[in-house]
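Quick note, the sequences are listed as chains A and B, same order.
Counting in the working numbering, the first sequence runs without a single skipped number right up to 229 at its last residue.
Counting in the working numbering, the second sequence runs without a single skipped number right up to 229 at its last residue.
Don't read these hints as lab results, they were simulated from the structure.
Hints are not guaranteed to be accurate.
[Stated by the list, open to error] Listed next, the in silico DSS-like pairs over lysine-lysine satisfying Cα-Cα at most 27 Å (straight line):
id, chain 1, residue 1, chain 2, residue 2
1, B, K165, A, K165
2, A, K171, B, K165
3, A, K165, B, K171
4, A, K147, B, K85
5, A, K85, B, K147
6, B, K46, A, K13
7, B, K46, A, K85
2 protein chains.
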Amino acid sequence: MQRQFETELRELKNRILAMGGLVEQAIEKSTLILQTRDPVTVTQVKAIERKINEENMAIDNICLEILARLSPVAADLRLILAIIKINTDLERMGDQAMNISYNVDHYHEDGEVTMKLNLPSMAVLVKNMVREALDAFMKDDIVLAEKVLQSDDAVDQFKNNVFNKMVEYMKSHPDRIESALDMILIARNLERMADHATNIAEDVIFACTGEDVRHGVGKAAREGQEKPN
Amino acid sequence: MQRQFETELRELKNRILAMGGLVEQAIEKSTLILQTRDPVTVTQVKAIERKINEENMAIDNICLEILARLSPVAADLRLILAIIKINTDLERMGDQAMNISYNVDHYHEDGEVTMKLNLPSMAVLVKNMVREALDAFMKDDIVLAEKVLQSDDAVDQFKNNVFNKMVEYMKSHPDRIESALDMILIARNLERMADHATNIAEDVIFACTGEDVRHGVGKAAREGQEKPN
Numbered sequence: 001m002q003r004q005f006e007t008e009l010r011e012l013k014n015r016i017l018a019m020g021g022l023v024e025q026a027i028e029k030s031t032l033i034l035q036t037r038d039p040v041t042v043t044q045v046k047a048i049e050r051k052i053n054e055e056n057m058a059i060d061n062i063c064l065e066i067l068a069r070l071s072p073v074a075a076d077l078r079l080i081l082a083i084i085k086i087n088t089d090l091e092r093m094g095d096q097a098m099n100i101s102y103n104v105d106h107y108h109e110d111g112e113v114t115m116k117l118n119l120p121s122m123a124v125l126v127k128n129m130v131r132e133a134l135d136a137f138m139k140d141d142i143v144l145a146e147k148v149l150q151s152d153d154a155v156d157q158f159k160n161n162v163f164n165k166m167v168e169y170m171k172s173h174p175d176r177i178e179s180a181l182d183m184i185l186i187a188r189n190l191e192r193m194a195d196h197a198t199n200i201a202e203d204v205i206f207a208c209t210g211e212d213v214r215h216g217v218g219k220a221a222r223e224g225q226e227k228p229n
Numbered sequence: 001m002q003r004q005f006e007t008e009l010r011e012l013k014n015r016i017l018a019m020g021g022l023v024e025q026a027i028e029k030s031t032l033i034l035q036t037r038d039p040v041t042v043t044q045v046k047a048i049e050r051k052i053n054e055e056n057m058a059i060d061n062i063c064l065e066i067l068a069r070l071s072p073v074a075a076d077l078r079l080i081l082a083i084i085k086i087n088t089d090l091e092r093m094g095d096q097a098m099n100i101s102y103n104v105d106h107y108h109e110d111g112e113v114t115m116k117l118n119l120p121s122m123a124v125l126v127k128n129m130v131r132e133a134l135d136a137f138m139k140d141d142i143v144l145a146e147k148v149l150q151s152d153d154a155v156d157q158f159k160n161n162v163f164n165k166m167v168e169y170m171k172s173h174p175d176r177i178e179s180a181l182d183m184i185l186i187a188r189n190l191e192r193m194a195d196h197a198t199n200i201a202e203d204v205i206f207a208c209t210g211e212d213v214r215h216g217v218g219k220a221a222r223e224g225q226e227k228p229n
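With the rest of the complex left out, here is chain A:
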């Protein structure tokens, strides 16, 4: 049974990895819209998000079925529970990508501001966090998972920077308030994706070690930096 379980687990992990690939694509394409304002890309993000949702439900079903049929314990059980949570976080990241692409109508109202903020660089940071969190998951790499937890600070700083710059911009350009608000909201969408990536990293640490690091010093410190929200 253990061998069969291992085969099924490997398949399941590969599916999570593939779902992570879809999330990376969704991040890439949704932020590409910032530069291109291309409605085709919006349709693509929608299609990717639909696939993510389908995978989300399929993976949950497989986990339920494995739990019922094989009743795993100890590290194997922790891994299945981690997969259930990681699955949820990846699905929510898809929702965030959709939120970014929803606002497409406002983009490029002020291309100069968009350029200055460098949101695509923020998106690259977030995408790397997702990739590293899933690498850590695939390789049971706690050190890499810890690195993901630390990367969250840079994303928070990026978000705060966008917030402060846009507040100043709105004060001097009250006619451009909607566009500036869009930038603030997009930065927040990206930051929420980064939060989901840190959740995944925490789940990886839990699956590997049995240690629950969610509300420990690391997380408290990160939460402290959330202000202003």
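With chain A fixed as given, assemble chain B onto it according to the hints.
Then chain B, alone, in the frame of chain A:
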């Protein structure tokens, strides 16, 4: 064993209910800060959030332990998995309450605007959704869970209304942009809490019926209303 399992499940459900009570308190107190700007209340929200986090970890541990020891199947297994997810959603609501209270420094910079927006009424809507979602959970009440899913629309409308009003306000009061932004962000925090309540309702339906309603028509319709995000 079934009897023992039922006793343990009842205890677990009561703990989730108590955690929901803490979340309701957190919503109430964090939005009270809007009116009172009382730093004591901020400390109270912090303490409640800490309790929520402790419960979050304790409940996850109990679920893991029950799965390992009793290997439940079918409806019992679905219920445990639903509890794991509900537990996560309640914890994230605590984070949102904290986010609201973080911004306390800006509150009352413009009491008139705060009054006009009626955010406390929005908070009551959200609190009711949490209570009804957990009532549905305790009583296996699918009809009530469906009602929670529908309530989400009213919260979204509230959020959009706050957004639109504050955009207009910022245009005519560029010196009050930070305060207006706070209102937008608080409305979004509340709306995210409502999203978590709908997640709980979906988990209740899944636990009761085995039917996964997450990405069905209902959810798609709700997601469609998210714009502008």
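Do the hints match the structure? See the list:
1. B/K165 to A/K165: With a Cα-Cα distance of about 22 Å, the restraint between B/K165 and A/K165 holds, given a limit of 27 Å.
2. A/K171 to B/K165: Within the cut-off at roughly 17 Å; holds.
3. A/K165 to B/K171: Holds: A/K165 and B/K171 sit about 17 Å apart, inside 27 Å.
4. A/K147 to B/K85: Measuring from Cα to Cα gives roughly 26 Å; hence the hint holds.
5. A/K85 to B/K147: holds (26 Å)
6. B/K46 to A/K13: Violated - the C-alpha atoms of A/K13 and B/K46 are around 37 Å apart, more than 27 Å.
7. B/K46 to A/K85: The hint holds at about 25 Å.
Of the numbered hints stated above, the single one contradicted by the structure is hint 6.
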